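Chain by chain, the residues run as shown.
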Amino acid sequence: NAGVTQTPKFQVLKTGQSMTLQCAQDMNHNSMYWYRQDPGMGLRLIYYSASEGTTDKGEVPNGYNVSRLNKREFSLRLESAAPSQTSVYFCASQGSLGTDTQYFGPGTRLTVL
Amino acid sequence: RKEVEQDPGPFNVPEGATVAFNCTYSNSASQSFFWYRQDCRKEPKLLMSVYSSGNEDGRFTAQLNRASQYISLLIRDSKLSDSATYLCVVTPMNTDKLIFGTGTRLQVFP
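For the record, the sequence lines run as chains A and B. The first sequence runs 11 to 123 under this note's numbering. The second sequence runs 5 to 114 under this note's numbering.
Treat the hints as calculated values from the structure; they're not laboratory data. These figures come from a predicted structure and were not determined experimentally. All the given hints hold, so there is nothing to weed out.
Below, a list of computed lysine-lysine pairs in the DSSO-like style, where the Cα atoms sit at most 30 Å apart:
#, chain 1, residue 1, chain 2, residue 2
1, A, Lys19, A, Lys67
2, B, Lys6, B, Lys101
3, A, Lys19, A, Lys81
4, B, Lys83, B, Lys46
5, B, Lys6, B, Lys49
6, A, Lys19, B, Lys49
7, A, Lys67, B, Lys6
8, A, Lys81, B, Lys101
9, A, Lys24, B, Lys46
10, B, Lys46, B, Lys6
11, B, Lys101, A, Lys19
12, A, Lys67, A, Lys81
13, A, Lys24, A, Lys67
14, B, Lys49, B, Lys83
15, B, Lys49, B, Lys101
16, B, Lys46, A, Lys67
17, B, Lys46, A, Lys19
18, B, Lys101, B, Lys46
19, A, Lys81, B, Lys46
20, B, Lys101, A, Lys67
21, B, Lys49, A, Lys67
22, B, Lys49, A, Lys81
Turn these sequences into a full structure, and let the hints steer you where they fit.
Following this line, the structure appears as structure tokens:
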């Protein structure tokens, strides 16, 4: 039982390049989330998926797209990376609404030059 | 005003000390409250949930004051291993989205 896994762990991009961050969970959770974490800003929600086949914008969705490929996998895509997207990205999953905790992946450290 | 506010610290305390963190939230309709712990360059992990009646887990005690809209975390007999950033987290009503504070950094020294 690996919990939440993310790939890659580190990535360096040039401005304008695209990439997809992968996330998978093996806990049979319904909800999945993508956050970014920047110094002094805390964790901010980019997109989330309450169930397979649905996605919704969070607080900071501009410049990102997501795909809930199946119940296990939720990917985040940067179509044209910008230096402002340099951050640490965390994926998380949650079993049920309200009281259940969110479990986080180990994070992806992205630098955009 | 931020939805969840915390003192960023750092709080530097000696081993064995008692330390307390507070957190305030702006949405009075918030329904669930948590403290998460985040070690340097690691992912956040749930430390404990916060209930209206208070919650104690070993050396850790969490309290909720709905009237004043604040949450507290008390750590007794601090250990070196308690050094981390503590994130206050709030869930608005009828949603499974979490709102994170920016965290309070704790450094316990020998």
